[in-house]
Amino acid sequence: MRKIVKYVVIDILRNRIMIAYAILLLLLSLSLYALEDNTAKAMLDLLNIVLIIVPLVSLLFSVIYIYNSAEFLELLVSQPLKRGMIWLSIFYGLVLSLCLTFLLGVGLPVLFFDLSATAAMLVLTGLFLTVIFIAIAMLAAVKVRDKAKGIGIAILLWIYFTVLFDGLVLFLLFQFADYPVEKPMVAISMFNPVDIGRIMILLRMDESALMGYTGAIFRNFFGTGTGVVISFFVLLLWVFIPAMLSVRKFKNKDL
Amino acid sequence: MIIATNVSKEFGKFSALTDVSFTCSKGECIALIGPNGSGKTTLIKSILGMAVCNQGFITFNGHNIKHDCNYRNQIGYMPQIGRYPDNMTIRQLFSMMKDIRQRWTNRLDVELVEKFGLVPLMHKRMRTLSGGTRQKVSAALAFMFTPEVLILDEPTAGLDPLSAEILKEKIATVHQQGKLVLITSHILSELDELVTQVIYMQEGRLLFHKTISQLREDTGQLKLSKAIASVMRKETAI
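Residue numbers (the working numbering), protein chains in the order written: chain W, 2 to 256; chain X, 64 to 301.
No lab work stands behind these hints, which were simulated from the structure alone. A portion of the hints provided could be inaccurate.
Heads up, simulated DSS-like pairs for lysine-lysine below, C-alpha to C-alpha not over 25 Å straight-line [claimed, not checked]:
no., chain 1, residue 1, chain 2, residue 2
1, W, Lys148, X, Lys76
2, W, Lys83, W, Lys7
3, X, Lys297, X, Lys273
4, X, Lys129, W, Lys144
5, W, Lys144, X, Lys76
6, X, Lys89, X, Lys297
7, W, Lys144, W, Lys42
8, X, Lys231, X, Lys297
9, W, Lys4, X, Lys286
10, X, Lys161, X, Lys187
11, X, Lys161, X, Lys178
12, X, Lys178, W, Lys83
13, W, Lys148, W, Lys254
14, X, Lys231, W, Lys252
15, W, Lys4, X, Lys231
16, X, Lys273, X, Lys231
17, W, Lys7, X, Lys187
18, X, Lys76, W, Lys250
19, W, Lys83, W, Lys144
20, W, Lys7, X, Lys76
21, W, Lys184, W, Lys4
22, W, Lys83, X, Lys129
23, X, Lys178, X, Lys129
24, X, Lys129, W, Lys250
25, W, Lys250, W, Lys83
26, W, Lys148, W, Lys42
27, W, Lys252, X, Lys129
28, X, Lys286, X, Lys273
29, X, Lys178, X, Lys231
30, W, Lys254, W, Lys144
31, W, Lys254, X, Lys76
32, W, Lys150, W, Lys254
33, W, Lys150, W, Lys252
34, X, Lys289, W, Lys150
35, W, Lys4, W, Lys83
36, W, Lys254, W, Lys83
37, W, Lys4, W, Lys252
38, W, Lys7, W, Lys184
39, X, Lys289, W, Lys254
Bound conformation, chain W alone (with noise of 0.2 Å):
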């Protein structure tokens, strides 16, 4: 198994995209915390680009790269190996290589400039929401055999985490507006790994004082130190149900 991982690891890293990646975020973050005085300003605007970058080249690589290694995926199934390990080593692999990316490009600057728990939770975020993306990619890449209608899907994938959920949100919140729907609030954040992570980092802030109400609430909530706990929990939750899934449709995908 870690000779497979180590095998997409290599030929991952030496993808011009990843490299690309990686010089695009270290350009974005050393830059904003350069022109920046104020490190906190800095970090959130560091905290939007890497909730709107990090899920969408998550997203689009890993779905690329899996319909790119149809071949290899034929190969490694007809050889004495497992379907489950062939499908985690892709897994693990293009794991290891995104976070690395991500810690060159983000994690880096911000050990340099910016050396704080909120700093860390949000570089702890990105690599979450890093793993959480590619295992929704590898679900809709072992769901969907075309690679156009796969590409697509992951888009829209992206389209919905980051765009539509919160408009929804905001309807659901005008439609209520005359009840108390700061408490489900929280629920319904928890079914998007991308809002988790954006209100976790924001109560760490103290921008979070313009939120009102309903900042209170949430800061009741995500402030504490259970509510951190459980917030983590269902990340990890957000990456082991799409990742099991998809390695059981694997298991059974003729190939």
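Position chain X against the provided structure of chain W, taking the given hints into account.
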């Protein structure tokens, strides 16, 4: 060695294999023959576990292949169209396959690598290779780990006459060593000197499984190609 029992495989509504059963044993050289789309490749993929059959089961040395993947150590497979990771060089591909299979076999058979002249091409990436060279790589890989069973899907398609001759010689040698060889091919004349048995498939069904001498007796034809042609004519007449 390989026993298939009532194997059926459907892709959506299309049924690729219907109720196929057969038995192959050591030392046989079996030709899988049938028109295009008759399910030969699907059958081979089912044996290799690349396609999961909907009904029935296949056993290898008495073990159901569904539960254990280790039987594939004993199979060398040469696909119809060899598709490999584009960015890998031939050397990397070989070393990866050795990594995967080395702990099972210590004896490596690199005769085909040398005879096909692949040694000077070792540094080339798979994507830059011609179709024929890729076929040579597939063939070399199939024979490299001295497997007990060889499954060759259209082995000589795309090979130049000289290489095809080298490959046929190699097949004949391993057959004489008492290994089981399964070949599909459309070029019947080249199977004449190799095979001992024939499995004929049509529209996903196994029509017959006979030894070649019996087939000759039944059809009254000496050449395999003529014998099969007469069978096919009879089938279409019905």
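Checked hints:
A C-alpha spacing of about 22 Å is found between Lys148/W and Lys76/X, which places the hinted pair at or below 25 Å, so the restraint holds. For the proposed pair Lys83/W and Lys7/W, the alpha carbon gap of about 17 Å is at most 25 Å, so the pair holds. For the suggested pair Lys297/X and Lys273/X, the alpha carbons sit about 16 Å apart, so the restraint of at most 25 Å is met. A threshold of 25 Å between alpha carbons decides the hint, and for Lys129/X with Lys144/W the separation of about 21 Å falls inside it, so the pair holds.
Of the pairs offered as hints, the one joining Lys144/W and Lys76/X holds, with about 18 Å between alpha carbons and a cut-off of 25 Å not exceeded. Distance hint between Lys89/X and Lys297/X is unfulfilled; the C-alpha atoms sit about 32 Å from each other, more than 25 Å. Taking the CA atoms of Lys144/W and Lys42/W, the gap is about 41 Å. The hint is violated against a cut of 25 Å. Simply put, Lys231/X and Lys297/X have alpha-carbon atoms about 30 Å apart, too far for the 25 Å limit, and the pair is violated.
This hinted pair does not check out: Lys4/W and Lys286/X have alpha carbons roughly 49 Å apart, beyond 25 Å. With a CA separation close to 18 Å, the supplied pair Lys161/X and Lys187/X stays within the 25 Å bound. Of the supplied pair hints, the one linking Lys161/X and Lys178/X holds, its CA atoms being roughly 20 Å apart against a limit of 25 Å. A distance of roughly 33 Å separates the Cα atoms of Lys178/X and Lys83/W; the hinted pair therefore is violated under the 25 Å criterion.
Pair hint Lys148/W plus Lys254/W holds up; C-alpha atoms about 16 Å apart against a cutoff of 25 Å. For the hint linking Lys231/X to Lys252/W, the alpha-carbon distance of about 35 Å lies beyond 25 Å, and the restraint is violated. Distance hint between Lys4/W and Lys231/X is unfulfilled; the C-alpha atoms sit about 34 Å from each other, more than 25 Å. Between Lys273/X and Lys231/X the CA atoms are separated by roughly 22 Å; this keeps the pair inside 25 Å, and the hint holds.
Taking the CA atoms of Lys7/W and Lys187/X, the gap is about 20 Å. The hint holds against a cut of 25 Å. In summary, the hint linking Lys76/X to Lys250/W is supported, as the alpha carbons are separated by about 20 Å, within the 25 Å threshold. Our distance criterion of 25 Å between C-alpha atoms is met by Lys83/W and Lys144/W, whose separation comes to about 19 Å. The straight-line distance between the Cα atoms of Lys7/W and Lys76/X is roughly 40 Å, outside the 25 Å bound, and the hint therefore fails.
Annotation: proposed proximity of Lys184/W to Lys4/W is violated, straight-line Cα distance about 48 Å (limit 25 Å). Restraint check for Lys83/W and Lys129/X: satisfied, since their Cα atoms lie roughly 11 Å apart, inside the 25 Å limit. Distance hint between Lys178/X and Lys129/X is unfulfilled; the C-alpha atoms sit about 36 Å from each other, more than 25 Å. Taking the CA atoms of Lys129/X and Lys250/W, the gap is near 15 Å; set against the 25 Å cutoff, the hint holds.
Taken as a hint, the Lys250/W and Lys83/W pair is honoured in the structure, with Cα atoms around 14 Å apart against an allowance of 25 Å. Between Lys148/W and Lys42/W, the direct Cα distance comes to roughly 40 Å. Violation of the 25 Å bound is thereby established for this hinted pair. Between Lys252/W and Lys129/X the CA atoms are separated by roughly 10 Å; this keeps the pair inside 25 Å, and the hint holds. Between Lys286/X and Lys273/X the alpha-carbon distance is near 15 Å, which keeps this suggested pair within the 25 Å criterion.
Taking the CA atoms of Lys178/X and Lys231/X, the gap is near 13 Å; set against the 25 Å cutoff, the hint holds. Restraint check: the Cα-Cα separation between Lys254/W and Lys144/W comes to about 9 Å, which is no more than 25 Å; the hinted pair holds. Taking the CA atoms of Lys254/W and Lys76/X, the gap is near 16 Å; set against the 25 Å cutoff, the hint holds. Using a Cα cut-off of 25 Å, the hinted pair Lys150/W and Lys254/W holds, with the two alpha carbons roughly 18 Å apart.
A distance of roughly 21 Å separates the Cα atoms of Lys150/W and Lys252/W; the hinted pair therefore holds under the 25 Å criterion. Restraint check for Lys289/X and Lys150/W: the C-alpha separation of about 47 Å exceeds 25 Å, so the hint is violated. A C-alpha spacing of about 14 Å is found between Lys4/W and Lys83/W, which places the hinted pair at or below 25 Å, so the restraint holds. A threshold of 25 Å between alpha carbons decides the hint, and for Lys254/W with Lys83/W the separation of about 13 Å falls inside it, so the pair holds.
Distance restraint check for Lys4/W and Lys252/W: the Cα-Cα separation of roughly 20 Å lies within the 25 Å cut-off, and the hinted pair is therefore satisfied. Distance check on the hinted pair: Lys7/W and Lys184/W sit about 46 Å apart at the alpha-carbon level, beyond 25 Å; violated. With a C-alpha separation of about 39 Å, the suggested pairing of Lys289/X with Lys254/W is violated against the 25 Å cut-off.
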